[in-house]
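Line order of the protein sequences matches chains P and V. Once you know that position 76 of the first sequence is 76 in the working numbering, the rest is easy, because the numbers rise by one and skip nothing. Once you know that position 81 of the second sequence is 81 in the working numbering, the rest is easy, because the numbers rise by one and skip nothing.
One thing to keep in mind: the hints can contain errors.
To list a few chain P residues with every Cβ distance to chain V over 10 Å, as calculated [as the list claims (entries may be wrong)]:
1) T20
2) N28
3) Q41
4) V52
5) R68
Restraint ranges, calculated between C-beta atoms of paired labels, are given here [as the list claims (entries may be wrong)]:
6) V:L112 to P:N18: 24 to 34 Å
7) V:K41 to P:N26: 15 to 25 Å
8) P:A81 to V:A78: 48 to 58 Å
9) P:E69 to V:S45: 25 to 35 Å
10) P:S7 to V:S45: 20 to 30 Å
11) P:R111 to V:L112: 26 to 36 Å
12) P:I60 to V:H75: 25 to 35 Å
13) V:S51 to P:D54: 21 to 31 Å
Keep in mind the hints are simulated off the structure, nothing from the lab. All C-beta atoms, glycine included, are put in the ideal place defined by N, C-alpha and C.
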Amino acid sequence: DGGITQSPKYLFRKEGQNVTLSCEQNLNHDAMYWYRQDPGQGLRLIYYSQIVNDFQKGDIAEGYSVSREKKESFPLTVTSAQKNPTAFYLCASSIGVGRVNYEQYFGPGTRLTVT
Amino acid sequence: ELKVEQNPLFLSMQEGKNYTIYCNYSTTSDRLYWYRQDPGKSLESLFVLLSNGAVKQEGRLMASLDTKARLSTLHITAAVHDLSATYFCAVINTGTASKLTFGTGTRLQVTL
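Isolated chain V (complex conformation) (with noise of 0.2 Å):
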């Protein structure tokens, strides 16, 4: 059974700060997404990564897949108020075809 978690589960940071989520899961897969969540509200889509190595960027956010390591991260860069929300990571398990397996979601704060 694949098992995705996530470290840590809640995190406060004060702006302008580097931190890095980590996802680890635990069967073979080369497709992973992360998602955000804000209170109340749907997930929306951040990257999409589908091999190893892959490393995606969006402003301050960066995603990266290690696939050989069952890892990936997710790096936040001179954190600001607005990115105060939960970051789930979601892994393909490629031995049911489309099915999604999440993460249990990072609760980020980000503080004056």
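Bound-form chain P, shown alone (with noise of 0.2 Å):
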């Protein structure tokens, strides 16, 4: 049953810790991307990365990071920099660079409250 998998749904930090969100695929994606979507907003791109040990900041990287160690894996961590972490976060997958269709299939979301 292939599909994108992020954990927790739900993740509670207080103010000033990283905390580190999960996001795993099995669909043999070359390129996996994490988006963060505030309420009533469309979705802005933070990180993506096309290919292992590789990855590019997206629109709004500040006070995020990621690694990309292992195809199937592109964890994002929510540094204490970021001034406004709460938020929705995304994480998609698409087959990759070089091909005609880019669609993007995405995970069921996490959503991260800091107070």
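Got two chains here, each in a separate frame; can you build the complex from them with the hints?
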């Protein structure tokens, strides 16, 4: 049963703490992405990775970090430097670069609340 | 910088009526995607449009792409309550590999 999993579904943290959000896919996709969604807003790209051991900043990378040590996994760390981290975080994957169709498939999301 | 605009941002419509959501984008692209999001949920892929003139239909929804006008439409026919959700279009920026730029979303509410 192929898909993208994110854990946990809900996450609560105190201000000043770093927190890592998990994203795993078994679709054999090369490319993976992290988005942030605020209430009533669209999606904004945080980081993306087109291949293992490589990743690029998206539009709002400040205060976040990622790693891509395995093809299946693309964890996102929300650091204490992120000024307003409370949001809904969505992970996605796509087949990869060089294809005609870059359709992205989304995980169920993690809702992070920082107080 | 690629900009993607949707209108309207909010649409309240009666069951049985027809309506169209518009998605305009600012730079050349021939790949456009429509997604649906239910409240508190993730995004579900609806349509993939990969060429000028592409038209896809699924149930009461039909999407089309005009790359010359940089415009995609999502047409709703005889709306039913189950279609209530937020709809996003997303466009590939052909200069930046596989990055998608999302529109602001259109929140659709279908009432009896």
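Consistency of the hints with the structure:
no.: 1; hint: T20; in the structure: holds, 19 Å
no.: 2; hint: N28; in the structure: holds, 15 Å
no.: 3; hint: Q41; in the structure: violated, 7 Å
no.: 4; hint: V52; in the structure: holds, 15 Å
no.: 5; hint: R68; in the structure: holds, 14 Å
no.: 6; hint: V:L112 to P:N18: 24 to 34 Å; in the structure: violated, 48 Å
no.: 7; hint: V:K41 to P:N26: 15 to 25 Å; in the structure: holds, 21 Å
no.: 8; hint: P:A81 to V:A78: 48 to 58 Å; in the structure: holds, 50 Å
no.: 9; hint: P:E69 to V:S45: 25 to 35 Å; in the structure: holds, 28 Å
no.: 10; hint: P:S7 to V:S45: 20 to 30 Å; in the structure: holds, 22 Å
no.: 11; hint: P:R111 to V:L112: 26 to 36 Å; in the structure: holds, 31 Å
no.: 12; hint: P:I60 to V:H75: 25 to 35 Å; in the structure: holds, 33 Å
no.: 13; hint: V:S51 to P:D54: 21 to 31 Å; in the structure: holds, 30 Å
Checked against the numbered hints given earlier, the structure breaks hints 3, 6 and satisfies all the rest.
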